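Participant: Taken in sequence, the protein lines are chains A and B.
The UniProt record's numbering applies: residue 1 is where the first sequence begins, and numbers increase by one.
The UniProt record's numbering applies: residue 1 is where the second sequence begins, and numbers increase by one.
The hints are simulated quantities; they were obtained by calculation from the structure and are not laboratory data.
Since this is a predicted model, take the numbers as computed values, not measurements.
The reader is advised that the hints may include incorrect statements.
[As the list claims (entries may be wrong)] Which bits of chain A does chain B cover? Going by a derived footprint, with three or more residues having C-beta under 8 Å, they are:
1) 16-25
2) 49-55
3) 95-103
4) 233-245
5) 260-274
6) 279-288
7) 379-389
We put the beta carbon where it would ideally sit given N, CA and C, even for glycine.
One letter stands for each residue in the lines below.
Number of protein chains: 2
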Amino acid sequence: MKPLPEPLQACLGQRVDLIDTPALVVDLDAMDRNLQRMAEFARKHQIRWRPHAKLHKSAEIALLQQQAGASGVCVQKVSEAEALVAGGVLDVYISNQVIALPKLLRLARLAAQLAPRGGRMALAVDHAEGVQRLAEAMMVAGQGATVDVFIEIDVGQGRCGLPPGPAAVALAEDIARHPMLRFAGLQAYHGRAQHLRSAAERREAIAGAVRAAARTRAALEGAGHTVPLITGAGTGTMVHETASGVYGELQPGSFLFMDADYARNEREAAQPAFEHALFVKTQVISVQGGHAVCDAGHKSHAIDSGLPVVAFLPPERALRYANGGDEHGVLHPEGPEARLPALGRMLWLIPGHCDPTVNLYDHLIGVRGGLTRGVVERIIRVDARGAVG
Amino acid sequence: MKPLPEPLQACLGQRVDLIDTPALVVDLDAMDRNLQRMAEFARKHQIRWRPHAKLHKSAEIALLQQQAGASGVCVQKVSEAEALVAGGVLDVYISNQVIALPKLLRLARLAAQLAPRGGRMALAVDHAEGVQRLAEAMMVAGQGATVDVFIEIDVGQGRCGLPPGPAAVALAEDIARHPMLRFAGLQAYHGRAQHLRSAAERREAIAGAVRAAARTRAALEGAGHTVPLITGAGTGTMVHETASGVYGELQPGSFLFMDADYARNEREAAQPAFEHALFVKTQVISVQGGHAVCDAGHKSHAIDSGLPVVAFLPPERALRYANGGDEHGVLHPEGPEARLPALGRMLWLIPGHCDPTVNLYDHLIGVRGGLTRGVVERIIRVDARGAVG
Numbered sequence: 001m002k003p004l005p006e007p008l009q010a011c012l013g014q015r016v017d018l019i020d021t022p023a024l025v026v027d028l029d030a031m032d033r034n035l036q037r038m039a040e041f042a043r044k045h046q047i048r049w050r051p052h053a054k055l056h057k058s059a060e061i062a063l064l065q066q067q068a069g070a071s072g073v074c075v076q077k078v079s080e081a082e083a084l085v086a087g088g089v090l091d092v093y094i095s096n097q098v099i100a101l102p103k104l105l106r107l108a109r110l111a112a113q114l115a116p117r118g119g120r121m122a123l124a125v126d127h128a129e130g131v132q133r134l135a136e137a138m139m140v141a142g143q144g145a146t147v148d149v150f151i152e153i154d155v156g157q158g159r160c161g162l163p164p165g166p167a168a169v170a171l172a173e174d175i176a177r178h179p180m181l182r183f184a185g186l187q188a189y190h191g192r193a194q195h196l197r198s199a200a201e202r203r204e205a206i207a208g209a210v211r212a213a214a215r216t217r218a219a220l221e222g223a224g225h226t227v228p229l230i231t232g233a234g235t236g237t238m239v240h241e242t243a244s245g246v247y248g249e250l251q252p253g254s255f256l257f258m259d260a261d262y263a264r265n266e267r268e269a270a271q272p273a274f275e276h277a278l279f280v281k282t283q284v285i286s287v288q289g290g291h292a293v294c295d296a297g298h299k300s301h302a303i304d305s306g307l308p309v310v311a312f313l314p315p316e317r318a319l320r321y322a323n324g325g326d327e328h329g330v331l332h333p334e335g336p337e338a339r340l341p342a343l344g345r346m347l348w349l350i351p352g353h354c355d356p357t358v359n360l361y362d363h364l365i366g367v368r369g370g371l372t373r374g375v376v377e378r379i380i381r382v383d384a385r386g387a388v389g
Numbered sequence: 001m002k003p004l005p006e007p008l009q010a011c012l013g014q015r016v017d018l019i020d021t022p023a024l025v026v027d028l029d030a031m032d033r034n035l036q037r038m039a040e041f042a043r044k045h046q047i048r049w050r051p052h053a054k055l056h057k058s059a060e061i062a063l064l065q066q067q068a069g070a071s072g073v074c075v076q077k078v079s080e081a082e083a084l085v086a087g088g089v090l091d092v093y094i095s096n097q098v099i100a101l102p103k104l105l106r107l108a109r110l111a112a113q114l115a116p117r118g119g120r121m122a123l124a125v126d127h128a129e130g131v132q133r134l135a136e137a138m139m140v141a142g143q144g145a146t147v148d149v150f151i152e153i154d155v156g157q158g159r160c161g162l163p164p165g166p167a168a169v170a171l172a173e174d175i176a177r178h179p180m181l182r183f184a185g186l187q188a189y190h191g192r193a194q195h196l197r198s199a200a201e202r203r204e205a206i207a208g209a210v211r212a213a214a215r216t217r218a219a220l221e222g223a224g225h226t227v228p229l230i231t232g233a234g235t236g237t238m239v240h241e242t243a244s245g246v247y248g249e250l251q252p253g254s255f256l257f258m259d260a261d262y263a264r265n266e267r268e269a270a271q272p273a274f275e276h277a278l279f280v281k282t283q284v285i286s287v288q289g290g291h292a293v294c295d296a297g298h299k300s301h302a303i304d305s306g307l308p309v310v311a312f313l314p315p316e317r318a319l320r321y322a323n324g325g326d327e328h329g330v331l332h333p334e335g336p337e338a339r340l341p342a343l344g345r346m347l348w349l350i351p352g353h354c355d356p357t358v359n360l361y362d363h364l365i366g367v368r369g370g371l372t373r374g375v376v377e378r379i380i381r382v383d384a385r386g387a388v389g
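Bound-form chain A, shown alone (with noise of 0.2 Å):
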């Protein structure tokens, strides 16, 4: 494993108001009553979910996720399912395109290695090239092990897979070809549909991407193909992807924490209440004639889905945060009521998007007992921490 020095924000039983700053910090209650939620939507619509570990990148995380009843887990790239590999968890699907040959010996390496423990490893693809050095690789270090092989189908998001439709079947002859290539399904995740605002957005979106979905299907198993599973949603769209009875497993990550992009989407009736549970703990460093300073600035937080959220203060008391940079955020009164913090005064940020924000720390500190009153319950490894390869 990875080795990660000790955190120096916090240690083990520490109260959360002694946390040093900037520091990430998992509400522990309020991320199990997400994962609980999920479990629940999951089981009573009978549906599979396999949540994306892009977010947490953690091993402990993954696992706990399984014993909720996942059944295995995302990741984007080969370093990341390694990571996890490494901290126990026994079923990785990488819904994503490798090319370069290092990368899939690796990936062949873990499929190895798993597959005496009855675990196995998954990959999208999206061409025959792709599909061609896979099963080079496989021969290569794949000891008689077999990985799952998934077609990715470009369901709205303009990004990787084929056309839906007809295209795919070429690429499913491709790779039953190949003996340890197993033909699992397609992966048809519609990104762009998680951050539209409205519900109506939303349901059209994924409307489209099940019609997509079952086109393909229809033309694989009009060429004498099994399509055993159809992989995709997030947590804005899940509802419908469910509802479709088309997908068969679902894919969110952000669910477990919620971040403030995520609360600005119009909320579908059937979508369980997660709430927020991933948080920035920082501390007034500096306060101005009109304005305050904190420790936190987007070397603390990612900002690719917007500035943070100041949390846990009233409406009329709102502070609003500003860009100061990558070591500074710039706090400015908002609500009619609002005054400037004091020097020293310790204030929690929502993240705009979770999963970046937690790819900048080595750990996230997990309170119990609220962000309050709480305690410091467990130092949680971010074991995938800078995997991009």
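With chain A's structure known, arrange chain B on it following the hints.
Facilitator: Okay, now just chain B, sitting in the frame of chain A:
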């Protein structure tokens, strides 16, 4: 020192074309030229330079900078200072506010550790409370060492710092009361001015900063305080602070690597011709109808100052990088003769902003001999990666 795993992407002596992706690669020849240009500029103008190590977070590079004539390095955080001191750097200025007592105690321990080795620590302050807490920490953990203290004034950045003028006098008197604190001068950095696009705007902004710094110095001298040094300036404006005769030290960071955003500035004639030296190597993993997809998204480079630029392509064959999320970039043909890159093709990206990009990686891969035929000469540790506290 912080334990770090070996990088997966490269090993010493490897040919550059075999470096796996995404990887953060330094063109060592270009970096050395930038360093020499900076050293020559400072020598010619007889001004001190204390480069900002928030850029590279590496003790190895900090020591190279000192060998080239730098008077020490700046950082923004106590944990950055700890990482650099552990790597052998002896003169570190935290050009930022620190309020938390645990951090100030760590700073005092660093000062105590450096004193017998002829090194020293410095800190910026903008409030009496900060001075008081620093003095207490030095009493408890400083072992008789002293620390240099700069009063930060706001010369246009709108972040930390006292208003210019007589407000600094009371703070200088606070500092003078504590024998372990040495009043070292003024911190007067205008961050916003660095990225003003026209040379005229930057010149005007720094003229204001110079007047503000001079006025503050006059107020302090009028009250009987000597002001040993005025320090500030970044890569974008340093020619103006240098010409002012008021600033005695420059704090540029970005000159070493140069990002895509700085390249958009209109260049002054007096500015050394710094060149791009830091690149993200990425691979095309999917090619679809009108676009290609590469394996570097915003977990591989920071996007706070804009998206990366695809390097080393002639304008007529330019590719435009569009955001494809955490792990993907979407490439569109832009030049009139541009074609989609082939599956598996390696490309080089110039990050929009180098500082937070470096902070995503555990290592910089140093290549000698150019990015076409060079080899990996050095793997440089990012000692202070993730050091935000």
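Participant: Each hint should be assessed against the structure and marked as holding or not.
Facilitator: Each hint, compared with the structure:
no.: 1; hint: 16-25; verdict: holds (count 4)
no.: 2; hint: 49-55; verdict: violated (count 1)
no.: 3; hint: 95-103; verdict: holds (count 7)
no.: 4; hint: 233-245; verdict: violated (count 0)
no.: 5; hint: 260-274; verdict: violated (count 0)
no.: 6; hint: 279-288; verdict: holds (count 6)
no.: 7; hint: 379-389; verdict: holds (count 4)
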